[in-house]
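For this one, chain A is given, so just place chain B on it according to the hints.
Chains A and B, in that order, are what the protein sequence lines are.
Residue 7 in the numbering used here sits at position 7 of the first sequence; the count goes up by one each step and never skips.
Converting from the second sequence to the numbering used here requires adding 1000 to each position, the first position being numbered 1.
Treat the hints with care, as some may be off.
Unchecked claim - Simulated crosslink set (DSBU-like; lysine-lysine; CA at most 35 Å straight-line): (1) K1187(B) <-> K42(A); (2) K1193(B) <-> K42(A); (3) K45(A) <-> K1302(B); (4) K1094(B) <-> K45(A); (5) K17(A) <-> K1293(B); (6) K17(A) <-> K1302(B); (7) K1302(B) <-> K42(A); (8) K45(A) <-> K1187(B); (9) K1094(B) <-> K46(A); (10) K46(A) <-> K1193(B).
Rather than coming from a laboratory, the hints here were simulated on the basis of the structure.
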Amino acid sequence: MNLNIPNFLESLSIMGKGMLGIFIVTVILILSVYVLNFIGRKIEKKNDDQE
Amino acid sequence: MEVLFSNFVVTWQQAVMWVIGAVLIFLAIKKDMEPTLLLPMGFGAILVNLPNSGAVEIVEEIFEFGIASELFPLFLFIGIGAMIDFGPLLTNPKLMLFGAAAQFGIFMTLSLAALFGFDMRDAASIAIIGAADGPTSIAVANRLGTQYMGAIIVAAYSYMALVPIVQPPVIKLITTKNERRIRMAYKGGEIPKITRICFPIVVTVITGLFAPDAVALVGFLMFGNLLRECGVLDNLSEAAQNILSKLITLLLGITVAARMQADAFLRPDTLLILGLGLFAFVFDTVGGVLLAKLMNLFTKNKINPMIGAAGISAFPMSSRVIHKMGLKEDPQNFLLMHSAGANVSGQIASVIAGGLILNFMSQYVA
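Looking at chain A on its own, in the form it has when it is part of the complex (with noise of 0.2 Å):
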């Protein structure tokens, strides 16, 4: 088996930013759910009080 050398370095830029992307996906994926638990628990509590 021959190793392609050339391919693997190519491939590690793909790694860090693949990994790098996914992480940034998730960061802002987190972020507007504590945004959503906050907008829906004073909707909840409004619509408590409205009751």
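Same frame as chain A, but now just chain B:
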């Protein structure tokens, strides 16, 4: 009489495929390993490897209709989305980080497959076995036009079924007994209904903006979840969870056999792909555990590092494995809700990873 026996010319490759088919059927029935998929796959492997099999053409047609067009993986995602309760994740959103970390094996495997001489498209298709998620593996591998579809699907589903065997030794190797005994308090709470309804929509929009190639996958997954959470389509949600997902899995299994014909499947590369798939699952586990250990260096409330391993997408198998391991170390240590949160995060993260892989590979697709 001669005509009657004219088809009795079985090559040794076809005979080997019969054995492989029989092994898949055995694992499905006797070991209860992903039976909805492995049983039709095993039977399909025998079906298409009969001499001059008249089934090849029709199976190939269903393949073109259902898999090449990506209909089956997408329909399956509606069912999976309807099955998932994102409650534990919405209670503790930080668990999503483990879903991200546990995609590490995908990219490690991409590099290793590239080093072994697979071209980038094939290397990426093999690497996506590490998504630990059948529909994502099928959709990405299909979109990249790999020649190794059969081996990739067999590896993806086999290792998903083997999570209880693959993950524990890896986790034990990289954690101490004291770490595995860390207790985590669960602060459960009612998730507002509006949050549960908006979550699938928000995830679809955000993921779609960052990884447009993943939007079909994540969109169908989240649509299934919206059916579950909206509260007015319970019948459809139940149909998606029980009937749609099972029917599609069944068709998927037997159709995959189109890529399990002896001449395409029985190659040295197949063994290498099975090895690379195992490597991907191992490093997914390592990625999740190491992130948890890293977070423990900076946080006051320690995380049981085993939770990180549940960030792989094999749902709900992985969360159950981690919960059982926790109980084994300390019978009072209940990790299920935390591990389930990490596990459903892995489902989302694996789709994002698939989308990013497709984005990166667009330059290599002719």
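#### Entry: Hints violated by the structure (listed by number, smallest first)
none
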